[in-house]
Amino acid sequence: MTAIETARPTAPRIVIVGAGPAGIRAAETLVKAGLRPVVVDEGARAGGQIYRRPPAGFQRSAEQLYGSEAGKARSLHDLFDRMAATGALEHVAQSSVLAVGGGGKDAGLHVLTPDGRRVLPCDRLILATGATDRLAPLPGWQAPGVYSLGAAQIALKAQGVALGRRIVLAGSGPLLTLVAVQLRKAGADIAAVLDTAPLTRQAAALPALLARPVFALRGMMMRARLGRLYRSGVTLQEIETDENGPVAIRWTSAAGRVQRSECDMVGLGWHLRAETQLAGLAGCRFEYSELWSQWLPQADRMGRVADGVYLAGDGLRILGADGAEIAGRLAATACLQDLGLAAPDPAADLQRLARMERFATGIARAFPWPAAQVQALPDATVICRCEGVTAGHLRQTAAYGGAEANRVKSLGRIGMGRCQGRFCQIAAAELIAGQAGCKPAEIGRLRDQAPVRPAPVGAWVQDAPP
Amino acid sequence: MTRPDARITRLAETGRTPLWFRLDGREVAALAGDSVLTAVLANAPALRLAEFGTEGRAGFCLMGACQDCWIWQENGPRIRACSTPVAEGMRLLTRTPEAWP
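Chains as they are written, first to last, in my numbering: chain Z, 1 to 466; chain U, 1001 to 1101.
So that you can see chain Z by itself, here it is in the shape it has in the complex (with noise of 0.2 Å):
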């Protein structure tokens, strides 16, 4: 059956929020069975962020880009593209989806694409929205040249820059290490690898990490390469800045000793945060997850929401890209069977998503989150970098106004600004739980708010052509 054949009036109107792995997955599953998913996604070229395409014209091997995992970099991109050339979905590139319709004439989705507002007429929603790093706030981290770990890799995929001349890495997760050596292998200037997680912890975590143990083996040769670099157990302390960013990080090493690092850029990120803001406008259940000291939507095993309202990939579970594969697969598997048609049969999927989740709990496990270290933070530690609310604010807001998310949010601003919160709500939960002696959980989540990215008024105005 061909994509003109199957574009029928009649035929359910699916849409994929994402282009990365999970979503590509999602697509090619729904296209196999002879449907037409809409495709919206903030990139200019498919892949998300962990495949993320440098624009046109760049010159390096996916080898080059995507060391092991070049192979599975490429049939993706391949596959995305051979989809969208052939019209067998149709591809909303940078574009955001701002907010999730309710009833009547404004159903559907609101997408932001570079020709204006778009409502996109949506039956049934796949969202494949990935995560961002999860940040630990420091003294000094709202100076310019204190990146997320994210940031920088991309800069060096997508860009083929480094963010500073002299490097200080710091955080944990399976990102510290390997943005390290891809930073490293292309001539960058690493002064340190700082990872708060103790060897202990790592150790006591590698029977679940065998789950996958070509990866586990990874890892450990990735930290080996960088010998002295690498420091575990350490606590970090502060960022030193002058007018034009950091000149040194201060820390503690596992033995207790002070140390300084000089450096003109900072990196840092505790692993993922789940990206969850549409799961939530679209009426998505949460629960509070102590692995991953965040708040995490809840879904069957499938990735079902409910009928009609599907998550896949890093949004739902964090378990990195090759489980965002299958978990885009199942997503548009469980859609298939809502709507009454031949699905494929997901049982091996689903037995690949048990190994993946085994392995995600050990690497959980392996490189927690810094809860003593924020809970330490002094009272003029910025939390919210986008509007400057201090540790101090915070907690006094805290102990005036209640210990509630969303109150400590309407009273003292915190996860207010520009970036809702995304890069200081986990740290705040620390902080408010801490003055009030509680824990994160019984602080409550952050309430979803559209549109979840800024969008100019004139957007609102004027609606570009459907």
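Keep in mind that the hints were calculated from the coordinates and are not lab data. Wrong hints could be hidden among the right ones.
As the list claims (entries may be wrong) - Coverage of chain Z stretches by chain U, computed from C-beta distances (three or more under 8 Å per stretch; other residues unrestricted):
{"hint": "1", "stretch": "158 to 170"}
{"hint": "2", "stretch": "183 to 197"}
Unchecked claim - Chain U side only, calculated, beta carbon under 7 Å to chain Z, not exhaustive:
{"hint": "3", "residue": "Pro1004"}
{"hint": "4", "residue": "Glu1013"}
{"hint": "5", "residue": "Ala1046"}
{"hint": "6", "residue": "Glu1055"}
{"hint": "7", "residue": "Gln1067"}
This structure is a prediction, so every number in the text was calculated from the model and none was measured. Where a beta carbon is used, it is the ideal one built from N, C-alpha and C, also for glycine.
With chain Z fixed as given, assemble chain U onto it according to the hints.
What follows is chain U alone, placed relative to chain Z:
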């Protein structure tokens, strides 16, 4: 072509076609395929000043999530520097225009 007060260092893909744009009134160079963020930070240490602090800002997440990298243009709306390709003749400002209230 990396300037002394630039933030970024080019490590690869340096053989691309040069193009020119204006940054705070001066003519500066970038390469075709640069994002606005790359192009500006190859010529300056920051994209803008923080509204709620005294420090400069140079972007943070580079994936369109943090909204730290919005930069002013001489005529017209601000743009998100990490997700907008630089173009020949752009006129960008690292300071808020004086006409802005």
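Evaluated hints:
no. : hint       : result
1   : 158 to 170 : holds (count 8)
2   : 183 to 197 : holds (count 3)
3   : Pro1004    : 11 Å, violated
4   : Glu1013    : 4 Å, holds
5   : Ala1046    : 4 Å, holds
6   : Glu1055    : 5 Å, holds
7   : Gln1067    : 4 Å, holds
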